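Chemist: Given next are the chains, with one letter for each unit.
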Amino acid sequence: MNDSLKHTPLHEEHVALGARMVPFAGYEMPVQYAGIIEEHQAVRSSAGVFDVCHMGEFRVFGFGAYDFLQSLLTNDLDKIRDVGEAQYTLLCDEDGGIVDDLIVYHSGDLEYLIVVNAANRQTDWDLLSTRCTADVEMVDESDRTGLIALQGPRAISVLRELAGAAFELPARFAIVEARLDTIPVLVARTGYTGEDGVELFCHVGRAADLWRALLSFPEVTPCGLGARDTLRLEMGYRLHGLDIDRGVDPLSAGLGWAVSLSKGDFLGREAIARIAQKGPDRRLVGIQLKDGIARPGYSLLHAGNEVGKVASGTYSPTLKVGIATGYVPAALAAPGTELEVVVRKKTVTATVEKLPFVTDTSLSAAQA
Amino acid sequence: MYPSDLKYDKEHEWVRLEGDVVTIGITHFAQDQLGEVVYVDLPSEGDDATAGETFGEIESVKSVSELYSPVTGEIVAVNSGLEDAPEAVNEDPYGEGWMIKVKLSDPTEVDVLLSSEDYEAFVTSEA
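Taken in order, these protein sequences are the chains called A and B. Remember, the working numbering sits 2 above the position in the first sequence when you count from 1. Remember, the working numbering sits 581 above the position in the second sequence when you count from 1.
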């Protein structure tokens, strides 16, 4: 394994569990332990834990913090006016290209915690920190912050048991301070699997203790990046680097709900407003294959002509078919549209599907 | 893990010789490296297999790999059971997980393949 790769504070735990390790975003990360499908099903039916310590965390605070973030991120911070609320949002460039997708937590008075993709940590930091005004302070907390996701229909009962009787469960997309066993944590009711669950922030020095405490429950399975990817794609959650990047705008990516054109000016607003006026030429759609598995980069055809490429593509352990995303001309974006995917030597029939691919989860049940 | 009555190649296929027909599959090592197999694309009966060339593809959740034929000849049987139960490749790689049967053009071709000891030594050096 490449020596220049960084380790998360849970590296020794992964090795002890027999994980298969792969390079990801500059880190050596577990791709699977027992097997991707087994881990996937554990999260859909019980609970799983994921090491996401590689994600970046920036703390942004000061009297100017609100104005600063409101002028840079696409979503409207007024929707999370109360301390403890959080939202999914985007950081775009002047052309409306998506630099990163992130979650901003209103973690305290005059203070926000933002969680960014590991691969974009430096880019995001440079873009944000160079625009800091005198009344804003930004701190990169990534190297001292551990992050573990606990996801699945039984995640909340495990959390309650560790947190004790006085613990008040945060609502979806809310964050609270708590102690799990003796470990001080921030509990965020967020995730990337489509199941109910939380993401737990702690000091790196306690991450292994927290990991072991969670795995002491027999209903909790350690899960790698492989299952994380199949789980998120079943839900249609975008992955930066595959589904979205600087080459696409939020509206084409179907993320218009995370953009507020009415909140006032922000980085990329003009470009996005222009696209909103005429409507995007291309749209990201969900695609379900009749046969075989689509992989990123495979050609999408309509009536024999290439109309796009597969962005994300994998096998869905829940539906037991190949599922994918891809950008197609807006006229071909309606669910039910017949496409073809060139799976190496074969051309396979596929259909545009409404996202998410999988609708019956503990999260959909909790929100119903 | 590597039955001694089989012969192996460095692309991690095994062959079982019966008369002038060999049964071909992938090894325990190969299935373990791939992870859970979810799709196997095999040729048709009557197609030709050529030593060193691909005869099909195998997919796990994360990846696609080519299947290489260790021998040359006519494909006389294909394991159609893998269409509905590709996991047999993981669960029983030397039994239910077999892939094709090839009638050898030259039965001595099998002699140059690796013994189980040699294959195991090769796998150990790869790991």
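Quick caveat, the hints were computed from the structure, so don't treat them as lab data. Treat the hints with care, as some may be off.
Taking lysine-lysine pairs in the DSS-like style, the calculated list, with each CA pair at most 30 Å apart, reads [claimed, not checked]:
| hint | chain 1 | residue 1 | chain 2 | residue 2 |
| --- | --- | --- | --- | --- |
| 1 | A | Lys81 | A | Lys347 |
| 2 | A | Lys265 | A | Lys81 |
| 3 | A | Lys322 | A | Lys280 |
| 4 | A | Lys265 | A | Lys292 |
| 5 | A | Lys280 | A | Lys265 |
| 6 | B | Lys591 | B | Lys684 |
| 7 | A | Lys292 | A | Lys311 |
| 8 | B | Lys591 | A | Lys81 |
| 9 | A | Lys348 | B | Lys591 |
| 10 | A | Lys311 | B | Lys684 |
| 11 | A | Lys265 | B | Lys684 |
| 12 | A | Lys311 | A | Lys347 |
Listed below are several chain B residues computed to face chain A (Cβ distance under 10 Å; list not exhaustive) [what the hints assert, rightly or not]:
| hint | residue |
| --- | --- |
| 13 | Val642 |
| 14 | Glu668 |
| 15 | Ser697 |
Computed far set for chain B versus chain A, every beta-carbon distance over 10 Å [what the hints assert, rightly or not]:
| hint | residue |
| --- | --- |
| 16 | Gly616 |
| 17 | Asp628 |
| 18 | Glu638 |
For clarity, every value in this text was computed on a predicted model and none was experimentally measured. By construction, the Cβ of each residue, glycine as well, lies at the ideal position given by its N, Cα and C atoms.
Chemist: B:Gly616: least C-beta distance to chain A exceeds 10 Å?
Modeler: Not fine: 6 Å to the nearest Cβ puts B:Gly616 too close to chain A.
Chemist: Classify the hint on B:Glu668 as holds or violated, based on whether any CB of chain A lies nearer than 10 Å to its CB.
Modeler: 9 Å, holds
Chemist: Hinted pair, alpha-carbon criterion (30 Å max): A:Lys348, B:Lys591. Please report holds or violated.
Modeler: 27 Å, holds
Chemist: Are the Cα atoms of A:Lys311 and B:Lys684 separated by 30 Å or less?
Modeler: 40 Å, violated
Chemist: Verify that the Cβ of B:Glu638 lies farther than 10 Å from every Cβ atom of chain A, and report whether the claim holds or is violated.
Modeler: B:Glu638 is in fact no farther than 10 Å from some Cβ atom of chain A, at 7 Å.
Chemist: Let's test the interface hint: is any C-beta of chain A closer than 10 Å to that of B:Ser697?
Modeler: 25 Å, violated
Chemist: Under the criterion that the straight-line Cα-Cα distance not exceed 30 Å, is the pair A:Lys265, A:Lys292 satisfied?
Modeler: At roughly 43 Å apart (the allowed maximum being 30 Å), A:Lys292 and A:Lys265 break the hint.
Chemist: Does the structure keep A:Lys265 and A:Lys81 at a Cα separation of 30 Å or less?
Modeler: Cα-Cα ~11 Å, so holds.
Chemist: Hinted pair, alpha-carbon criterion (30 Å max): A:Lys292, A:Lys311. Please report holds or violated.
Modeler: Holds, at about 17 Å.
Chemist: Against the 30 Å threshold, does the CA-CA distance of A:Lys280 and A:Lys265 hold or violate the hint?
Modeler: Status holds; Cα separation ~20 Å.
Chemist: Starting from B:Lys591, check that the Cα of A:Lys81 is at most 30 Å away, please.
Modeler: Cα-Cα ~59 Å, so violated.
Chemist: Decide, holds or violated, for the assertion that all CB atoms of chain A are farther than 10 Å from the CB of B:Asp628.
Modeler: Non-interface label stands for B:Asp628: nearest chain A Cβ at 13 Å, farther than 10 Å.
The structure fails to meet hints 1, 3, 4, 8, 10, 11, 15, 16, 18 from the earlier list, while all remaining hints are met.
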